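J.: Sequence:
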Amino acid sequence: MAHPSSYRQILDNNHHQFELLIQHGDYKPFYLWHLLVFTALPLCGLLISRRRGARYLRPVLFALILGTAVDVMRHRRALLGANGYMGGLVTAWWTIWSATILIFNDAERDFARIERRSGNAACPDKAPTPGNENKPQSSDKAANGHILKAKQYASQRESETLAWQPYPRAFLHRLNWALGLLFNMRGPEWNWRISTLDPLPDSLQRQITTRNGQPAREAMGKTCNKADSQPDARARLKAILLTFLKHYLFLDLVKVLMMHDPYFWGLVLSAPARPFPFTYVPLPTIPDIIVRLYREILSGLGVYAALSFVCPFNPIIFLGLSLAFPNASRALTRVPLDAHWLYSDPFGPFLGPYLDHGLVGCWSKWWHQLFRFGFTSTGNFLLSLLPKRLAARSSIRRTVMTVTAFFLSGLIHACGSYTQFAETKPHAHFVFFCLQPVGVMIQNQLARSINARYRFSRPIRRAANAIFAFWWLILSGASIADDFARGGLWLTEPLPISPLRGLGLGAKGEGWWCWGEPWFRYWDGGKYWERGLRVL
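Heads up: the sequence shown begins at 1 in the working numbering, then just goes up one per residue.
One or more hints might be untrue.
Pairs of lysine to aspartate or glutamate residues, derived as DMTMM-like cross-links and limited to a Cα-Cα distance of at most 25 Å, are as follows [said to hold, decoys possible]:
| hint | residue 1 | residue 2 |
| --- | --- | --- |
| 1 | 28 | 493 |
| 2 | 28 | 510 |
| 3 | 246 | 510 |
| 4 | 425 | 482 |
| 5 | 425 | 296 |
| 6 | 527 | 108 |
Cβ-Cβ distance ranges computed for the label pairs, FRET-style [said to hold, decoys possible]:
| hint | residue 1 | residue 2 | range |
| --- | --- | --- | --- |
| 7 | 288 | 397 | 40 to 48 Å |
| 8 | 328 | 516 | 39 to 47 Å |
| 9 | 347 | 391 | 28 to 36 Å |
| 10 | 32 | 451 | 53 to 61 Å |
| 11 | 202 | 59 | 45 to 53 Å |
No lab work stands behind these hints, which were simulated from the structure alone. Remember, predicted model here, so these are calculated numbers, not experimental data. Glycine included, C-beta positions come from ideal geometry on N, C-alpha and C.
Just need the whole structure built from these sequences, with the hints factored in.
T.: Dropping the structure here:
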């Protein structure tokens, strides 16, 4: 096969070959109804109360989820989402998440979320007064409609309080509660929220603190914490929009740089030894290690830029719409969507954890924690299988939790590599993540041994942490970076509009608009379960 002249040619070839394989039956399509199945099965498990036999039904539902996930990863493919990478990753994660809420935890007994209450409902000791009733005054009747609406909204907010809501009794309320749990990851409004999020308001935080050591339902008392002021929410939304714009432009820059280097097209073995931008460096030769470092660092920046671009969509949509349409937000859910403390940054601070803690700081304090609760729930479940005396030891708990988290990270990323439409090496992802706890243990042991003999200043210790973390990630990440490129991860087009390519900095023939292919298409495979909208 001739060397492709552009990455667009590779994309066209991939689409043509993929469609041939689908038509010949080598692969089966992934339909939108698969998403409905993956949603409906765990939702049924959450909606049915334990009193009605859900404790026996939930393992059966999880077995169905697991069977569907295996079928999808073995037989069904789609190019959408990084050449098929997201299909495997999301399927693997959804299986872990379903186990988390159906098997590893009892949502009905242990989970509660923050919800709005009227002043009377949330604080029964607080008697209604004319000042906090939501009746419009006579002067309001003559006011402009917008002013009246604003006054009513302000009055409504003033009388609202927040309460911990356990498993609801009413079906519609339970449905909303269960959907909120199902499509959550970090749990900002839940009592299991991960520790890296911004703190809750004081009264809600005290309520969580007093729950330790008490039965869950006894601790789900109500709190008279007032809803946060709207200016705080608007300032938060403005900051998120600015951050989103910066990461949008940064991702565009990374994409343009990558598409100038055939390595990122998937041509790992035949990539040029002097790629762009080294073609502009006035040196006769470029050391291989420099090119290797450039490609690995750019791969890492690509992952960071993509996540930083995607994660702000949650606050932009929910916080933005709740501020623009407050009444619709309240009709949709009782969660205070306009509370700015629900929307923590996906990444923590980088420099401090990196310098002070090295590798463990990078993973536990800086890198995103989207999967954290699923990983810790799995780890706690495994610890529950050990003898109590053994599981109570802090060293055992720490080791099990750390190894479980990285093992599952490697598993879900390996599944993403497996479902890509390319000759990939899924074990590279697994090996990379499994090497990280090894690096953490080595760094901790070295630090203990050296600190026991010598007294180094803080700048030297920080430099040592930074050097170890950098080179461990570089050396362990070589194979996963190659597999990202080999699998066509970087061929995906995340942005609809590219300012840089519109200015002529992209490949030949590219312009401002980047999306040209449909995402879905109707497919008829002959049988009724093989019909519907397929993901392309």
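J.: Looking back at the hints listed earlier, which ones does the structure fail to meet?
T.: Numbers 2, 6, 8, 11 - these are the hints that the structure violates, sorted from lowest upward.
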